[in-house]
Structure formats: C-alpha cells, structure tokens
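Listed in order, the protein sequences are those of chains H and P. Note that the first sequence covers residues 1 to 351 in the working numbering. Note that the second sequence covers residues 1 to 317 in the working numbering.
Misleading hints may appear alongside valid ones.
[Unchecked claim] Quick list of in silico lysine-lysine cross-link-like pairs, DSSO-like style, CA-CA up to 27 Å:
{"id": "1", "chain 1": "P", "residue 1": "Lys111", "chain 2": "H", "residue 2": "Lys10"}
{"id": "2", "chain 1": "H", "residue 1": "Lys228", "chain 2": "P", "residue 2": "Lys278"}
{"id": "3", "chain 1": "P", "residue 1": "Lys51", "chain 2": "P", "residue 2": "Lys67"}
{"id": "4", "chain 1": "P", "residue 1": "Lys305", "chain 2": "P", "residue 2": "Lys278"}
{"id": "5", "chain 1": "P", "residue 1": "Lys111", "chain 2": "H", "residue 2": "Lys228"}
{"id": "6", "chain 1": "P", "residue 1": "Lys253", "chain 2": "P", "residue 2": "Lys265"}
{"id": "7", "chain 1": "P", "residue 1": "Lys265", "chain 2": "P", "residue 2": "Lys308"}
{"id": "8", "chain 1": "P", "residue 1": "Lys302", "chain 2": "P", "residue 2": "Lys278"}
{"id": "9", "chain 1": "P", "residue 1": "Lys305", "chain 2": "P", "residue 2": "Lys275"}
{"id": "10", "chain 1": "H", "residue 1": "Lys228", "chain 2": "P", "residue 2": "Lys308"}
{"id": "11", "chain 1": "P", "residue 1": "Lys259", "chain 2": "P", "residue 2": "Lys278"}
To be clear, the hints were calculated from the coordinates, so they are not data collected in a lab.
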Amino acid sequence: MHEAPSGGLKWQSLLLLTVGLILLFLLDIGLGSVRIPVEDTVRILLGQSVGNEAWEAIILKIRLPRSVTAILVGAALSVGGLQMQTLFRNPLAGPSVLGITAGASLGVAAVMLAAGGVATAFSIRQLDLGGSWMIIIASTIGAALVLIVILGISFRIKDNVVMLIVGIMVANITIAIVSIWQYFSDPEQIQEYILWTFGSLGGVTNQQLGALSLIVVSGIVFTFFLSKTLNVLLLGENYAQSMGLNIRRSRILIIAVTSILAGAITGFCGPIGFVGIAVPHLTRSFLNTSDHRLLIPSCVLVGGILMLLCDIISQVPGSQTVLPVNAITAMIGSPIVIWIIVKRRNLKSSF
Amino acid sequence: MGYKSKKEEKAVLSGLGLILRKGDLTCLLGPNGSGKSTLIRTLTSIQKPLKGSVAIDNRPLESYSQKELARKISLVLTDRNAPGNLTGYALVSLGRFPYTSWMGTLSQSDKELIHYAMECTGTLAFANRHIGELSDGERQKIMIARALVQDTEMIFLDEPTAHLDLPNRIEIFHLLQELAHNSDKAILLSTHEMDMALSSADKLWLVTNENTIQSGLPEDLVLNGQLEKAFSRESLEFDYETGGFRRKSGEFKAQVAIKGPEVLKRWTRSALERKGFKVVEEAYLRIDISGSPDAPEWTTNKDNKTYKTIEALLLNI
Numbered sequence: 001m002h003e004a005p006s007g008g009l010k011w012q013s014l015l016l017l018t019v020g021l022i023l024l025f026l027l028d029i030g031l032g033s034v035r036i037p038v039e040d041t042v043r044i045l046l047g048q049s050v051g052n053e054a055w056e057a058i059i060l061k062i063r064l065p066r067s068v069t070a071i072l073v074g075a076a077l078s079v080g081g082l083q084m085q086t087l088f089r090n091p092l093a094g095p096s097v098l099g100i101t102a103g104a105s106l107g108v109a110a111v112m113l114a115a116g117g118v119a120t121a122f123s124i125r126q127l128d129l130g131g132s133w134m135i136i137i138a139s140t141i142g143a144a145l146v147l148i149v150i151l152g153i154s155f156r157i158k159d160n161v162v163m164l165i166v167g168i169m170v171a172n173i174t175i176a177i178v179s180i181w182q183y184f185s186d187p188e189q190i191q192e193y194i195l196w197t198f199g200s201l202g203g204v205t206n207q208q209l210g211a212l213s214l215i216v217v218s219g220i221v222f223t224f225f226l227s228k229t230l231n232v233l234l235l236g237e238n239y240a241q242s243m244g245l246n247i248r249r250s251r252i253l254i255i256a257v258t259s260i261l262a263g264a265i266t267g268f269c270g271p272i273g274f275v276g277i278a279v280p281h282l283t284r285s286f287l288n289t290s291d292h293r294l295l296i297p298s299c300v301l302v303g304g305i306l307m308l309l310c311d312i313i314s315q316v317p318g319s320q321t322v323l324p325v326n327a328i329t330a331m332i333g334s335p336i337v338i339w340i341i342v343k344r345r346n347l348k349s350s351f
Numbered sequence: 001m002g003y004k005s006k007k008e009e010k011a012v013l014s015g016l017g018l019i020l021r022k023g024d025l026t027c028l029l030g031p032n033g034s035g036k037s038t039l040i041r042t043l044t045s046i047q048k049p050l051k052g053s054v055a056i057d058n059r060p061l062e063s064y065s066q067k068e069l070a071r072k073i074s075l076v077l078t079d080r081n082a083p084g085n086l087t088g089y090a091l092v093s094l095g096r097f098p099y100t101s102w103m104g105t106l107s108q109s110d111k112e113l114i115h116y117a118m119e120c121t122g123t124l125a126f127a128n129r130h131i132g133e134l135s136d137g138e139r140q141k142i143m144i145a146r147a148l149v150q151d152t153e154m155i156f157l158d159e160p161t162a163h164l165d166l167p168n169r170i171e172i173f174h175l176l177q178e179l180a181h182n183s184d185k186a187i188l189l190s191t192h193e194m195d196m197a198l199s200s201a202d203k204l205w206l207v208t209n210e211n212t213i214q215s216g217l218p219e220d221l222v223l224n225g226q227l228e229k230a231f232s233r234e235s236l237e238f239d240y241e242t243g244g245f246r247r248k249s250g251e252f253k254a255q256v257a258i259k260g261p262e263v264l265k266r267w268t269r270s271a272l273e274r275k276g277f278k279v280v281e282e283a284y285l286r287i288d289i290s291g292s293p294d295a296p297e298w299t300t301n302k303d304n305k306t307y308k309t310i311e312a313l314l315l316n317i
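Chain H extracted, bound-state conformation (with noise of 0.2 Å):
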C-alpha cells in the first residue's frame, strides 16, 4: 500500500525555519545605534531588571515592538500573496494587485495632504495615540472602500483572471487620484506622505501592537481553516466547482481576509512592497509543495524571517542610520527570487 508522501521532511523544515526565525528575532532585538550587551538583553527580555533603565526602555519600548511588527507585517504579506497568487493561478498576483494597498495609501493621503500643515505626519505623530490611529483608519477605510467597489464588479465576473485585471486597473484609478492629490498639494505635505510610503516598522507602538497581533494572528488563522479550498482552487474554478466548491463565497472569503491582512499592515507600516510576492515563491521552492496546509505555515516563518533579515539590513548595524525598509525589502529580496528562480525552474509549474 503505498501511503501519502510522509511529512517526516516538510516537519523537519518548519522546525528549521521556526528555529531561524527566533534566531533572528533575538538577533534583530540585541542590534542597534545603542550596543547592549547579550546577557543584559537576554535578561531585560526575561524581565529581570539590569539597573539601566535607558537599555530597558530601549529594548522593551522600541526593539521589541519593532521586531514583533516585523514578523506580523512579513507573515500577514506573505500569507495574503499566497491566497492571491493561488485565487488568480498567477505568479505575479500579491496582496496589493487588487489595489487594497492603493486604497490605504488613498485614505493616508487624504489625511495628510487634505487636512492641511496642521495634520502633517510628524504633528500626526506628536497628537500620539490618536493621531496614529487616524492614519491607521483611514488607511483602512481606504482599502475597504476598493474592496467595497472589487467585491461589487466580482459578483458580476465569473473568471478569476478578468478579476485579476479589474483589480489592476482599480489600482491604477486610486494612484492617480492620489497623484492629482500630490500635484496641487504643498512640498512640506508631500514630503510627509513621501516619507510614509517609505515604510516603516518602528512606528507602531506597544498598544497599537495589541490590535495589530490580533488582526493579524485571527486572519492567518481563518486563513488556515480556508487551506483545503486554496488547494481545490490550484486545479482551476471548473474543476473546483465540479467538486462541490462555491467559488463566488470562496472568493469573496479569500478576497476579504487578504484586504484585512494588507490593510492592517499598510495603515500600521505603509505600503511595504515585494514580500507579498516573493514569499510565497520561496516558500514553495524550499518545501516544493503547493499543499496549503504546509505553506500557510511556512509562509509565515519564511515571511518573518525575510523581514526581520529586511529591518537588520535597514537599521545598517553598526552605525547610526536607518534606511527605509520598502527599499531593502525589494534589494534583498529581489536578487533571492532570481535566484531561486533560475535554480530550480519550477517557479510556472505551480500553477
């Protein structure tokens, strides 16, 4: 009797990649402008106090929240890039092809460039708590107005595919607004919101975290519970839908976590590109499986990982600049993909 392809390998790599993802999240934390030594970090994160009060501010105030966002923002990315690529059977698809990530960046744009020099990013900053959660909900007001108008077209649509390019075109009508917005706004407003597209992870505080983790984790979850769709949906709708599959409620399932997912993400961090995409890819080269109720996890280490490699890299260890972390995001990523790409080929074959 031959029996399922055992799991005894696929087992042996999440534990791999669960084992490089705490490596890297106690190495992103014990790096930064401040040296702090390793037995002080180890013992601050284990609440024991060291007598400096500044080293445990800086640990548990902005290394912590930051590298906990990084692992949120990676595994929420990479997860909604996964349902996206397998609902469109499209290597190119990620969470920001049906323009959620525009519309957040419309809703942000109509905070900081509409509300005049008194709301600028860095006022929106010092209101603190408030000003914040502003920007976070028009962020999602913004995504979820796009979902509204791409839920709407898809109860029309049959095909995925013609999905794919309605939610392209959606994108490109929501960048433009915000470019006409841009070109009749003031440098010092554009400036600001400039410098949130550039992305950031260390500007979601402790409490925010708290909301944060728990869109993130309950999305994932539900995501989750949707694996054995994701996988009935790599044959094709007709094959699908012949199996018993309502394909229009998976959808607009798929469709709306994935909003929540990148909304969330890009109102807390912007617009944070590339990993949705790439993720997925690696992930599935490094298992070579397309089964979903693998990748889902490992989506998530992979996604942590890379970008808890992406904040390392952007806090340039050993000085004290701070690039913005959408560039190295596609800088490091990027030449990855190539390579794995010209490596093993069997990138088109997945779908």
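Starting from the structure of chain H, add chain P where the hints point.
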C-alpha cells in the same frame, strides 16, 4: 438511473432527449465547435439550459445542491494546466474534497479508495512524482484517477484525449471502457475522434448537422448514414468498409489490379490510391505481389520488373 436532457441555445443544440445509462461508455461525437462542451457544461450544471431540463434519478438538476452534485458527477477536462508542484498522490486525493473534513484529512477508507483508483488507472508509479514531471498522457490518467476517487455514479470527460498520441488515446479509451463495465458507472466522453468512438463506445451521441443529437449504437448510426451526414464535407466521402473518411478521389490516373496476400494488398492499395490510381478487380495494368511476407516483391506488367519496396514500385509505374 435515468437521465434526460433537453436543451436549446442560440442554434447550438436543440431538441435533445437523451438518456445516460449506468455501465455504458457513451461517446459524444461531433466536429469541432459543434457544441459538445456546451452540452457537458449544461449537464454538469455549470451552465443553465435555455429550455427544458436535466434530471438525475428523475430529480431535476436544479434541486441538487453543489455538494450533492459533486457526489453524483465528476469531471475531467482538457486543461493541461494542473499545478506542477503537487505529487500525483496529492492531486488524486483532492478528489475526496466533497467527503473530507475542513482540514481535508484522509481516513483509512479514503486512502484505500485512492489506492484502488490509482491501481485501476495504472498511476501508482506516479504517486510520489510531481505532476510537472509527467507526460500529458500520464497526467490525464491521474486526472481520471482523481475523478474515480470522487466516487460518483457519473464521470463526464470533455475531450480527455485531445493532446494525446495514439497509444495514449487507445489506453485511455480502453481504461474508460473497463471502468464503465466493471464499476457500473455511467461515463460520458466527448470527442471528435471518430475511429476511437466507433470502436469503444457502447452508445454514441452524435451531433448532427441539424444541431441536434442522434443517439444509438455506433454501428447503427454508421449503417443508417447518420455518421456520414454529421461529418460530411464536399471533398470527403465515407468509407463503409474501414469506417473512416477519405478524400474524394476526383479524377484518377489509371485503373490497376493487385494480386497477392491480403495484408500486402491492403497497404499497396492505400499507397496507390494516394497516388491517384483506382484499384479494381480486373484491369489492363496489373501488380503481382510475391515472395515471403518478410521480403515481399512487387512485379508489374508494365515493365515486367520486380521491386523490393512500394516506393520503388511507385516511381516506375
């Protein structure tokens, strides 16, 4: 099990009254673009009939939920775009979708059924191989195994052999024939390949020129001329002996008579006809085939020479 269908759509197909029976391999035969896929889409409820109704076990198709239908009908399509990153086993096990829990965990009986289906289709050897590494024929057999695993009374296949070479086509037709007869399933297969349909089908649904479907035994449809009518073109004529179409020979060069063993005669005749000769019983021009079957020789009364190959014969006749 009874199964009826009446359909009409902007002159695609109309006036159908068809019944699909368990244990039969039914071939839906028609030229390209004659509405075969549309019919299959209608029968599987992907598309609604413009008029009339489809029923399974005397219950109309619309009253079945999608889940129920997935336990009645399974589908195999022409699509080549199966995901390459799944193993054969993983793909076949997707067929259990309508039966498994939300996680898709396979029970022991699920596994036994998967094993049985892969054994039937001769795909056990591909269980641990990735779909991307398989040939088109092997992949199509995996897709048939997947349909079997879905454990339905009916399997519909839309041009399952479209991309395959002849040996693979024969194998798949043979496989489906055995499945229909042994497991008492109703199998409907659409194809435009007349020879395969004629030799394997228990029943033929023939799409005619009048945009309707004639149903019957393949042999009956040949003899009453329906098949010839369905596929007829100006330049083609039906050969009632071989059961295939051939180009109408307009003017022929000369008449020729062939004498010799049957097999050799048949192939010599086919070569001569292609060259524009008409083969008759008695003619002025004659070809005698002699020698052993391994080393035949052709002699013509034109120059009384003997040739070792048909090619040489044709050059000199």
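To see whether the hints hold, each was checked on the structure:
Of the pairs offered as hints, the one joining Lys111 (chain P) and Lys10 (chain H) holds, with about 20 Å between alpha carbons and a cut-off of 27 Å not exceeded. This hinted pair does not check out: Lys228 (chain H) and Lys278 (chain P) have alpha carbons roughly 64 Å apart, beyond 27 Å. At most 27 Å may separate the alpha-carbon atoms for a hinted pair to count; Lys51 (chain P) and Lys67 (chain P) meet this at roughly 24 Å. The straight-line distance between the Cα atoms of Lys305 (chain P) and Lys278 (chain P) is roughly 21 Å, inside the 27 Å bound, and the hint therefore holds.
A threshold of 27 Å between alpha carbons decides the hint, and for Lys111 (chain P) with Lys228 (chain H) the separation of about 17 Å falls inside it, so the pair holds. About 19 Å separates the Cα atoms of Lys253 (chain P) and Lys265 (chain P), which keeps this hinted pair within 27 Å; it holds. A C-alpha spacing of about 14 Å is found between Lys265 (chain P) and Lys308 (chain P), which places the hinted pair at or below 27 Å, so the restraint holds. At most 27 Å may separate the alpha-carbon atoms for a hinted pair to count; Lys302 (chain P) and Lys278 (chain P) meet this at roughly 16 Å.
Under the criterion of a C-alpha separation no larger than 27 Å, the hint pairing Lys305 (chain P) with Lys275 (chain P) is consistent with the structure, at around 20 Å. A threshold of 27 Å between alpha carbons decides the hint, and for Lys228 (chain H) with Lys308 (chain P) the separation of about 65 Å lies outside it, so the pair is violated. Distance restraint check for Lys259 (chain P) and Lys278 (chain P): the Cα-Cα separation of roughly 14 Å lies within the 27 Å cut-off, and the hinted pair is therefore satisfied.
The earlier numbered hints that this structure contradicts are 2 and 10.
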